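**Q** Letter by letter, the chains look like this.
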Amino acid sequence: MQTPTPDIIWVLVAGTLLLLTFAVGYIVVMLSSHRRVTEAQQAKFEEVRRSEERYKSLFDNSVAGIIKFSLEHWTVVESNEAIRSLFRCTGNEELQNSILNLPEHAREAIQQSLQASGFISEYEIHASRRDGEELWLLFSAKITREDHLAQAVMVDITKRKQFEEKIREQGTLLDQTQDAVVVVDGHGIIEYWNSGAELMYGWSRLDAVGRALGALLYSDVQWENFTAAMEDVRQYDEWNGEHRQRRKDGKEILVESRWKRIEKGAGKRLAILIVNSDVTEKRRLESQFIRAQKMESIALLTGGIAHDLQNILAPVAMSIPLLRKKLSDESATPILNTVEESARSGLELVQKILTYGRGISGQRVHLDVIQIVDEVLEIFAPGIASTIDLRRHVNGKPCFVSGDHNQLKQVLLNLFVNARDAMPSGGVLDVAVERRDSDESLIEEFPEAESGSYVIVSIRDSGKGIPDENRDRIFEPFFTTKERGEGTGLGLSIAQGIVQSHRGYIAVKSVIDQGTTFRIYLPASSE
Amino acid sequence: MNLFLLYVVLASSFVPVIVGLMRYKNMDKGAKALLILVAANCCQMMISYVLSLMKIHNLELLNDYRPLELVMIAVVFGFMVESRFIRKLLLSCSIGYVLIWIADKIYLDDPTQLNSRMAMLSRIVAIIMSIAVLYSETKASSGLFTERPLFWVGTAVLLYSSGTLLVLGLSNQLINLQRELFILAWQINWTLLIVANLFYTKGLLCKPQRPT
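Chains as they are written, first to last, in the numbering used here: chain A, 1 to 527; chain H, 1 to 212.
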């Protein structure tokens, strides 16, 4: 047996230990490296897990319903609590049924959009919940890249739709009203213009919105009223009153206007709600009614006075022939003549007043108005100045009415005399007779007028015209613009009375310095 | 010889086999190959022990088992590793070793002695292969490293091969110098073999990494 050399032992032990150390070291290094990698991976994994948890929390706690489904069969793959609550479903099976119960046209539209572009945005669906209650959904979806499923978000907009419907209904109601409902901002710029305003002013909504109310509806004369109303609303929050406004066609209308300050939007900016009612016709009718009442009262009063005067004047007139027989003094004859003349004039005047007060009946016969016009012209024409150009316009066909010959002559004569007196410096006097069916101008002027055929006599002068303030009074008895002693003021009122007793109408149009036109409408009778 | 240690080694070689057989249904190909390897190791140990009891020379078995063991280790690694390059390396190493072993067997082999040349070479090749697969696994691993069977098998091979490299290489010299030293060397070998068997067992207990 050899004695082992220390070298070999040392080599064996040291070498083996060295190799093992290397091996173990290598493994330790690898494990350490792996641990670091694993820790990093673990951290990453943890982050992913947290992120997943966050997203899951978002998914689960989202107020909006989130759903993932296959586009082919609408099979629900994933859904959150909100969508189940939206459809009032307790389980996935019920939710699946609810999804399949979405309207066919909506599903087709969604499917087409998703297939074509991969997404659909804010599509409104009218659906129903599981218990049958109606439901409006705002649907947005896209196709996911990973699994080619449709991922959709649904939001319940039922309340919003109901609110919109309510607003729409209110808007429709505003459009239904005859009144003009207008909203302007603090600078008077129109923001809202309803259908009533379109009808009242002739401006369409598109034309009106964005324009200044003052410039659109108020003439220069009325501008101050507009600015005053604006100022009142700014100061006192509201204003009520009447304004004269201008339509698109230039015609002026009278409106009863209510202005109310409102605050619009989140910024509470100033806006004014204006509600206008067209009272032009109402005021005109009221005026007519008041005038009619006034004239009726005058007629009653004057009739009574005239009756008493007649009773007073009649004995005077009857006594004059008796006095004439008893008085032999020739010098008394002129005095008696004067008394007789005055009494006769007084009686005639009283007769006229009585005619107005009692109304005119007369004898109705079938007569041609053209013939009457010609008769009157025959009497009237020689008496007018040569500076007046008298023109007669008739088409030759007879224009028959049922009326009193003398009364109609009186009417025409009154009007001719007035026309002549309106042209002291000369001018043109047009007389026209025509037969025409009742038209808008007649209905507009006299809403109570019956439809049918009318004989219209127009007497137009080119005189100085009638001032606005006198136009409504010209038919009043005793109203005259002539000098004292030149006229009684009964001519036009009696003419109107005669025409009205013939179931006709008398209208007047006058423009200052251009002239006046009287138009007599008499119901035509058959030939 | 320390018989207790020998019995522990023999017993330890059964542990991975029993565990492998118990988990056979849930094992992937790599694990099944590992089961074959540990079963072969166990058989080789048992046969060697029986031969020694019968006073029959068992050195030839030890010598001839080396290429088989190395090839089986390469196969196990090949099934478990994912890198194609490493697979090619494993194939090259095992083929190269087998060819060298055949040449050595024809021209240099002495059946009466432990072939320490080829023993050392087999350990060196095993060390290379285990380092390669462990490195590859470290780079490719995406899960917990210690839950992967390749780690335990590779570690077992690396530790065992490193620890026994010089023991096997100097085995003949040691037996000629002093019998106690030889016994000490073999006790080191057995100790590391026990560790390797336990690591194999742990490898077999890991969850399968690929479909069964």
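What the hints contain is simulated information worked out from the structure, not anything from laboratory work. Fair warning: there could be bad hints in the mix.
[To be verified] Straight-line C-alpha distance at most 30 Å; calculated DSS-like pairs for lysine-lysine:
#1 A:248 <-> H:32
#2 A:326 <-> A:409
#3 A:142 <-> A:352
#4 A:56 <-> A:166
#5 A:159 <-> A:44
#6 A:282 <-> H:202
#7 H:32 <-> A:44
#8 H:32 <-> H:202
#9 A:409 <-> A:352
[To be verified] Estimated spans, in silico, between C-beta atoms of each pair:
#10 A:133 <-> H:25: 35 to 41 Å
#11 H:83 <-> A:32: 19 to 25 Å
#12 A:131 <-> H:25: 36 to 42 Å
#13 H:43 <-> A:60: 56 to 62 Å
[Stated by the list, open to error] Okay, the calculated bits of chain H under chain A, using three or more residues with CB under 8 Å as the criterion:
#14 127–139
#15 173–185
Just so we're clear, the structure is a prediction, and the values are computed from it rather than from any experiment. Using N, Cα and C, we set each Cβ at its ideal position, and we do this for glycine too.
**Q** Among the hints numbered above, which are violated by the structure, and what are their numbers in rising order?
**A** As far as the earlier hints go, 1, 2, 3, 4, 5, 6, 7, 10 and 12 are violated by this structure, in ascending order.
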